[in-house]
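Enquirer: The residues making up each chain are set out below.
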Amino acid sequence: MRLEKTLLTVLLFLVIFGGSVPALADNDILNIAVPTDPDSFDPTRSVAAATAEIAFNIYEGLVKSTPDGQITGALASHWEIDSTQTVYTFYLREAYFHNGKRVTADDVVNALNRARDPQISQRASSYQAIAQVYAEGDDRVVIELSEPYAPLIYELTELAAAIYPRDAAGLDQRPIGTGPYQLQEWRPNQYIKLTRFEQHWSGKTPYFREVYFRIIPDYNSAVASLRTGSIDLIPRLEAAFLHLVEPVPHLKVHADPMNVVQLLAVNNSHPALRDLRVRQAIAMAVNRDEIVIGAAWGQAEKIYTGLSPAMPEFYNFELAEVLPYNPEKAKELLKEAGYSDLHLTMTLPSAYPLHVQTGEIIADQLRRVGIDVTIEIVEWGTWLEQVYTQRRYDLSIVGLTGKLDPHTILNRYVSTNSRNFTNFNSPEFDQLIIAGVSSTAEERKAIYDQAQAILTEQVAGVFIMDPLQLNVMNAAIKGWQSYPVYVVDVAALYK
Amino acid sequence: MKYVMHKMVGLVVTLFLISALTFFSVNILPGDPALLILGTEGDPARLESLRAELGLNQPVVVRFVNWLGGLLQGNLGKSIRYSVDIAGLIGDALPVSLSLAVLAVGLALLISIPLGISCAVKQGSVLETLSLILTQLGMALPAFWLGLLLIDLFAVKLNWLPPAGYTSTASLVLPAFALAIPRAAVLTRVVRSSMIDALSQDYIRTAHGKGLARRAVLYKHALKNAAINIFAAAGVHLTQLLGGTLVIEQVFGLPGLGQLLINAALQRDLPLVQGLVLVSAALILIVNFGLDLLLLALDPRLRFD
Amino acid sequence: MRKANLPIVIGSFFIVVILIPTMISLFYTPYDPETMQITARLQSPSSTHWLGTDQYGRDMLSRIMTGGQTSLLIGFASVGAGMVIGVVLGALAGFYGHRIDEVLMRSAEVFYAFPSILLALLAVAIFGPGENTVMAAIAIANIPVFMKITRASFLQQSKFEYVQAARAVGASDLRIMFRHILPNCARLILVQATASFAGALLSEASLSYLGVGVQPPKPSWGRMLKEAQAFGSLAPWTVVFPGIAIALIVLGLNLVADGLKTKGK
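In order, the protein sequence lines correspond to chains A, B and C.
When we follow the working numbering, the leftmost residue of the first sequence carries the number 1, and every step to the right adds one.
When we follow the working numbering, the leftmost residue of the second sequence carries the number 496, and every step to the right adds one.
When we follow the working numbering, the leftmost residue of the third sequence carries the number 801, and every step to the right adds one.
Quick caveat, the hints were computed from the structure, so don't treat them as lab data.
Just so you know, not all the hints are guaranteed correct.
To be verified - Computed beta-carbon distance windows for the label pairs:
id: 1; chain 1: C; residue 1: 845; chain 2: B; residue 2: 552; range: 57 to 65 angstroms
id: 2; chain 1: B; residue 1: 570; chain 2: C; residue 2: 812; range: 54 to 62 angstroms
id: 3; chain 1: A; residue 1: 441; chain 2: B; residue 2: 552; range: 39 to 47 angstroms
id: 4; chain 1: A; residue 1: 351; chain 2: C; residue 2: 906; range: 48 to 56 angstroms
id: 5; chain 1: B; residue 1: 507; chain 2: C; residue 2: 961; range: 33 to 41 angstroms
id: 6; chain 1: B; residue 1: 568; chain 2: A; residue 2: 390; range: 55 to 63 angstroms
Unchecked claim - List time: in silico DSSO-like cross-link candidates among lysine-lysine, alpha-carbon distance up to 30 angstroms:
id: 7; chain 1: C; residue 1: 1018; chain 2: A; residue 2: 335
id: 8; chain 1: C; residue 1: 1018; chain 2: B; residue 2: 617
id: 9; chain 1: A; residue 1: 495; chain 2: A; residue 2: 478
id: 10; chain 1: B; residue 1: 719; chain 2: B; residue 2: 497
id: 11; chain 1: B; residue 1: 652; chain 2: A; residue 2: 495
id: 12; chain 1: C; residue 1: 959; chain 2: A; residue 2: 302
id: 13; chain 1: A; residue 1: 331; chain 2: C; residue 2: 959
id: 14; chain 1: C; residue 1: 959; chain 2: B; residue 2: 715
id: 15; chain 1: C; residue 1: 1018; chain 2: A; residue 2: 329
id: 16; chain 1: C; residue 1: 959; chain 2: B; residue 2: 719
As the list claims (entries may be wrong) - Just so you have them, the derived chain C footprint on chain A, three or more residues with Cβ under 8 angstroms:
id: 17; segment: 240-253
id: 18; segment: 285-299
id: 19; segment: 372-381
Here the structure is a predicted model, which is why all the values come from computation and not from measurement.
C-beta: ideal position from N, C-alpha, C; glycine also.
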């Protein structure tokens, strides 16, 4: 049995010398499981929610969102808006970057100018209204708009408007911000390690000294790690896995709205779908109750328009009965429109199991009213090209990430918007969106109510649900803060 | 020496062919990295300038030549997805995948050689029937279910080993078993079949006739003869594992080559895909070469000249 | 003689146990395998649903019966094609050696080192989505595997006396390769074939996520297993029954392959 002995020796050798990495589980170390790596920590480049979730702790803008969706000062202690609604003056507080340098008005001007430069920034269109940004002395920054643009203050909370040192380079990998945590190390497919920043302007020191965002793509094993204690927190667990958590006494769940609008995208330019009656028939064939149970395991809130009820001050709650579930009426509408044997293809992004499952259920529901649906599952790159960019599709399902301001979300259904991938075309809607940006807060509510009603009545898409964000954690972790945007506020957590 | 030189030239030619094939394949896939970077939230107006920044508006052939040029200077380039040097990324992932592959195949051999021999010697016994059925189950069980069962038992219930993530070498034990079990199932059958064949050869019968001790016959002659098939099969498994083991890496959250490759392919991160294919192809070729040498050593009659 | 036949009998029995319900599903299933009934989701096996229901309340028995059509077709077609091509090429390489071996094994290595995920993405980009594409992709991935195994066996066998003897009596190369040597390698090739068969059924599920394979709502065993990943511990029957179906057919094929060989001796 010499062969086996040799093999055994080789194996032992591997086990002993295979490499080692420091051990886990210290009281002031927090371990968070996330399924994927961030895309980039460069504020001008990042668009992924997976990044915003982590970067919230590293970067700050002039202003930031509070847990209830209000705007509060971050690097600016306060700000003034002139009577024309076009000149914003921000007063900077004494704050320091992670590299120890003080934040100057110059840094702010540089960061914001880069954010609105279409040659550099992935999110430049959000800052199009800005005419110029300049410093007034060392601690004042003025933003001048070409016309009033109410969403501006919300856009300034986004990662894209984060402030970093003027001379910073390689932010992709080595972000330098002013947040309560700084990035220590990023090992792709392994972890992102943050350490707390001792010089934060608030003077507060977060409880956890080190925070690891560990990449665990499989939720089964992430939950197993949570049970054994090698992970403390899983933000956004998929609902299908909740049953693994519920029976474990030392774990708890915070369920918050995710502020994601999941919709059945209906290509409004398709020869048959151009007919409003056909789109309405589709909307009336969709049974949201079944989807919430079948795909989201009951962990979602039904929606009826392009915003999520996670934004209660803007969501139009009156639209549930506009096109209610009614398969009989749907069949009638189809007959009336002359499409008794309609055949459609539904293209689904495989990267998102929730959307695939929703699509399977909707396909079944549409078959019941006589629409024959073929499902085609494609990976994300193909989806982005065929569905999102070239708009070569009939039906699809996707989730659109929520923002703090309704304009940013609804803007994409404007007929000329380059992100209007449902090819929605309503001149009336376009008018309302233009009016919305230059109106007062009270007027805006009414305008967006009407805009949402148009989306629903004319079926830009069938809006289905806002899935709950299931934040699962060890019962010992306290202080969880839920926000209407996608973030993990690590500084608020303690044990 | 001439043989080795000849093999080295062959290796370079094969690597070039694989690289070219990969490069042009990725280019005809729908979607490009610029589109994927922007996603549904980015600004479509930025698409063209981003493409220019990533060098995507140059013709495919020019980009391939540039990549080759970089490679000759020992530069694998920068990943689009992770914006770091590819050499570093692969350098981190390679030891994980390599130790996992070797560990898994080693374990599989450790299980399958004694089991396969026993089955061959005692044909028709209860042991044989039982191991036959068990090995079938091992083959039919999907890798992720096997992985999850192991995690549930050894990590959650017994708390012997970490459930997921790569924190120490102990993290590799469960995934290695998850990979080894189905392979042990196949290899047991290979060992058994080869041993039955070898034992029925004339020269073994002759050896028996000469009155050699039973054990000696078994190991000296038959096993040596069967070894060629066993190593050929084990080599197939080893090379299959060298390119990374996506499902098991995902279940156990291991930062291996498989995870890098799937992310790179889905993000159309061509430079990273190229680097990964090149490295794993080189590994496969080297293992195959080593295997050839081993087979020659086992049976000098295999030499062609 | 009776003993030698036992594996064939048992193996055939397993195959029949799987084949008959699959055949029946061509014209009858207890329920429609595709129609959902969300309110009846994840019900455990009962007299109304013998094997329980899945996450959308579809009858598991009906889905396993129908799923057999796709899964078995994919398994036999892709492994069969991969095996025939791989064995022929591997035989040529192992028998003739030198240049032919060099060229064939080099191309095999190119395909071998080419990642299967790229192969799948490429297949769908060129041929479009569908079941034929998945069969082609799995078959191509299997060719080099069979090539290597066959080549190694042929290298070894072609040195044995019986080959020299056949040559001495003037048998053609083809005859020597396929009448004399191949039967002696058959056992190993069949072992690999049954393993590849199991592998094909399982990887079809992963590939369908790239848009290559069987698309929902059409059932396949691999897909059923994969979908149950999230809720398998909640509803074990969603995992166990498709798993048994795969295990039975693989076990059956193996036993028959084994028995045939023993009988031939």
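Enquirer: For each hint, tell me whether it holds in the structure or not.
Expert: Here's how the hints hold up against the structure:
A beta carbon spacing of about 59 angstroms between residue 845 (chain C) and residue 552 (chain B) agrees with the range 57 to 65 angstroms that was offered as a hint. The hint said 54 to 62 angstroms for the Cβ distance between residue 570 (chain B) and residue 812 (chain C), and at roughly 60 angstroms that hint holds. For the pair residue 441 (chain A) and residue 552 (chain B), the beta carbons lie near 45 angstroms from each other, so the given range of 39 to 47 angstroms is met. Distance hint for residue 351 (chain A) and residue 906 (chain C): a CB-CB separation of about 36 angstroms, inconsistent with the stated range 48 to 56 angstroms.
Checking the proposed 33 to 41 angstroms range against residue 507 (chain B) and residue 961 (chain C) shows it holds: the Cβ atoms sit about 39 angstroms from each other. Taking 55 to 63 angstroms as the suggested C-beta distance range, the pair residue 568 (chain B) and residue 390 (chain A) does not conform, at roughly 38 angstroms. Simply put, residue 1018 (chain C) and residue 335 (chain A) have alpha-carbon atoms about 28 angstroms apart, close enough for the 30 angstroms limit, and the pair holds. With a C-alpha separation of about 45 angstroms, the suggested pair residue 1018 (chain C) and residue 617 (chain B) falls outside the 30 angstroms cut-off, and the hint is violated.
Between residue 495 (chain A) and residue 478 (chain A) the CA atoms are separated by roughly 6 angstroms; this keeps the pair inside 30 angstroms, and the hint holds. A threshold of 30 angstroms between alpha carbons decides the hint, and for residue 719 (chain B) with residue 497 (chain B) the separation of about 28 angstroms falls inside it, so the pair holds. Distance hint between residue 652 (chain B) and residue 495 (chain A) is fulfilled; the C-alpha atoms sit about 25 angstroms from each other, no more than 30 angstroms. Only pairs whose Cα atoms come within 30 angstroms are accepted, and residue 959 (chain C) paired with residue 302 (chain A) is rejected, the gap being roughly 73 angstroms.
Proposed proximity of residue 331 (chain A) and residue 959 (chain C) is contradicted: the alpha carbons are some 74 angstroms apart, above 30 angstroms. Between residue 959 (chain C) and residue 715 (chain B), the direct Cα distance comes to roughly 19 angstroms. Compliance with the 30 angstroms bound is thereby established for this hinted pair. Annotation: proposed proximity of residue 1018 (chain C) to residue 329 (chain A) holds, straight-line Cα distance about 28 angstroms (limit 30 angstroms). At roughly 16 angstroms between alpha-carbon atoms, residue 959 (chain C) and residue 719 (chain B) fall within 30 angstroms of each other, so this suggested pair holds.
With 4 residues bearing a CB less than 8 angstroms from a CB of chain C, the segment 240-253 of chain A meets the requirement of three and the coverage assertion stands. Only residues whose C-beta sits within less than 8 angstroms of a C-beta in chain C count toward coverage, and the segment 285-299 of chain A has 3 of them, enough to reach three; the restraint holds. As drawn, the segment 372-381 of chain A meets chain C at 6 residues by the rule of a beta-carbon pair under 8 angstroms; at three or more, the given contact holds.
Figure legend: structure checked against the earlier numbered hints; hints not met, in rising order: 4, 6, 8, 12 and 13.
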